[in-house]
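Chains as they are written, first to last, in the numbering used here: chain A, 129 to 227; chain B, 116 to 352.
In silico lysine-lysine, DSS-like type, Cα no more than 27 Å apart, as pairs:
id: 1; chain 1: A; residue 1: Lys163; chain 2: B; residue 2: Lys238
id: 2; chain 1: B; residue 1: Lys242; chain 2: A; residue 2: Lys163
id: 3; chain 1: B; residue 1: Lys281; chain 2: B; residue 2: Lys155
DEER-style ranges, computed between Cβ atoms:
id: 4; chain 1: A; residue 1: Thr161; chain 2: B; residue 2: Asp279; range: 41 to 51 Å
id: 5; chain 1: A; residue 1: Gly185; chain 2: B; residue 2: Lys168; range: 38 to 48 Å
id: 6; chain 1: B; residue 1: Arg237; chain 2: A; residue 2: Gln160; range: 26 to 36 Å
id: 7; chain 1: A; residue 1: Pro225; chain 2: B; residue 2: Val157; range: 42 to 52 Å
id: 8; chain 1: A; residue 1: Leu157; chain 2: B; residue 2: Asp234; range: 27 to 37 Å
id: 9; chain 1: A; residue 1: Gly185; chain 2: B; residue 2: Leu251; range: 16 to 26 Å
id: 10; chain 1: A; residue 1: Leu226; chain 2: B; residue 2: Asp234; range: 23 to 33 Å
id: 11; chain 1: B; residue 1: Leu251; chain 2: A; residue 2: Leu205; range: 21 to 31 Å
id: 12; chain 1: A; residue 1: His194; chain 2: B; residue 2: Asn136; range: 31 to 41 Å
Computed footprint of chain B on chain A; a stretch qualifies when at least three of its residues, placed anywhere within it, have a C-beta under 8 Å from a C-beta of chain B:
id: 13; segment: 174–187
id: 14; segment: 207–213
Calculated from the structure, these hints are not laboratory results.
Since this is a predicted model, take the numbers as computed values, not measurements.
Where is the CB? At the ideal position from N, CA and C, for every residue including glycine.
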Amino acid sequence: MSRRRSHSKRGVKSQRKGVNQGVPLTGLLEGQTGKVLQVQGGRGACMRLAEMGFHPGAVVTMESKHSSRGGGPIAVLVKGTKLGLGRGIARKIIVKPLT
Amino acid sequence: MPHITVGLIGNPNVGKSVIFNNLTGLRQHVGNWPGKTVEKKVGQLTYKGREIKIVDLPGTYSLTSRSIDERIARNYIIEEKPDVVVDIVNAAKIERNLYLTILLLELGANLIVVLNKIDSARKEGYKINAKKLSTLLGVPVVSTIATEGKGMDDLKETILKAADEKTKNVKVIDYGEDIENRIDSLIPALKKDDEVAENYPLRWFSIKLLEGDSEVREIVRQHSYKKEVSEVLPGEL
Numbered sequence: 129m130s131r132r133r134s135h136s137k138r139g140v141k142s143q144r145k146g147v148n149q150g151v152p153l154t155g156l157l158e159g160q161t162g163k164v165l166q167v168q169g170g171r172g173a174c175m176r177l178a179e180m181g182f183h184p185g186a187v188v189t190m191e192s193k194h195s196s197r198g199g200g201p202i203a204v205l206v207k208g209t210k211l212g213l214g215r216g217i218a219r220k221i222i223v224k225p226l227t
Numbered sequence: 116m117p118h119i120t121v122g123l124i125g126n127p128n129v130g131k132s133v134i135f136n137n138l139t140g141l142r143q144h145v146g147n148w149p150g151k152t153v154e155k156k157v158g159q160l161t162y163k164g165r166e167i168k169i170v171d172l173p174g175t176y177s178l179t180s181r182s183i184d185e186r187i188a189r190n191y192i193i194e195e196k197p198d199v200v201v202d203i204v205n206a207a208k209i210e211r212n213l214y215l216t217i218l219l220l221e222l223g224a225n226l227i228v229v230l231n232k233i234d235s236a237r238k239e240g241y242k243i244n245a246k247k248l249s250t251l252l253g254v255p256v257v258s259t260i261a262t263e264g265k266g267m268d269d270l271k272e273t274i275l276k277a278a279d280e281k282t283k284n285v286k287v288i289d290y291g292e293d294i295e296n297r298i299d300s301l302i303p304a305l306k307k308d309d310e311v312a313e314n315y316p317l318r319w320f321s322i323k324l325l326e327g328d329s330e331v332r333e334i335v336r337q338h339s340y341k342k343e344v345s346e347v348l349p350g351e352l
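So that you can see chain A by itself, here it is in the shape it has in the complex (with noise of 0.2 Å):
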């Protein structure tokens, strides 16, 4: 429902400003700590990401990213939980960092 109501107007247009400001979640650092702008993704990746915790205006923390090739999954704590991501999904979420 989130994905609908964001389709109006008025939030295409700060989904466009927020995505200026935001990096993909891949892109924190090790204890970095960003906000979420955005999730970029279909009805069902938004929705389950919504439900782990990443939605729009959540904070979440960088605990880990292990290999220094850029891929495997990532550890990151949100409301509480830390979570494991694939690197794919990470990259739909979009962040602003706060520190």
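Please arrange chain B on chain A, whose structure you already have, making use of the hints.
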């Protein structure tokens, strides 16, 4: 007096099993859900002369139709209609946990919210106003520290009370004009089908339709009033 059926639900790692064991002692046994290796535990206790049957549901963050354990939990509540559903919340992660609480309220469960690990929440600096939470959600709220057995009598007492006086369903979330208007147009169309009207809370059913829930959409596709529903959801079914 008939026995009371209680469904126990919550996010993973909220202390659900500890509460289950506290309530049922050593009398629990393990049973399988049909067709799948996800287990449900069933236990019994007697409190103040009343038989209480407790069903431990799979730990879940959500109640979609995507995964088998979420479907089990949701279908148990819809189909078996337990007298009481006890939603165990990790008080230290209350924001994350209350999402499931809202889903359960929308599903029309006769709910009790348990704020477990209330000691950890306090240690992390949370001050939770259980009374206010209870008013806002329209359901009883019980604080517990399951690992120390604290709050268990309070919980049993609340279960007895809730079984006899079901909570009135309050609309907890207002989704805004766009969505509420659609819900209002869907409900009369859904009411035309007796099977849906009798078995599902229609507000919940409408919300799931709007979300694109596959199981709910399949139910609509197979029924005769599909046309009326399609008029509210053009091109979606």
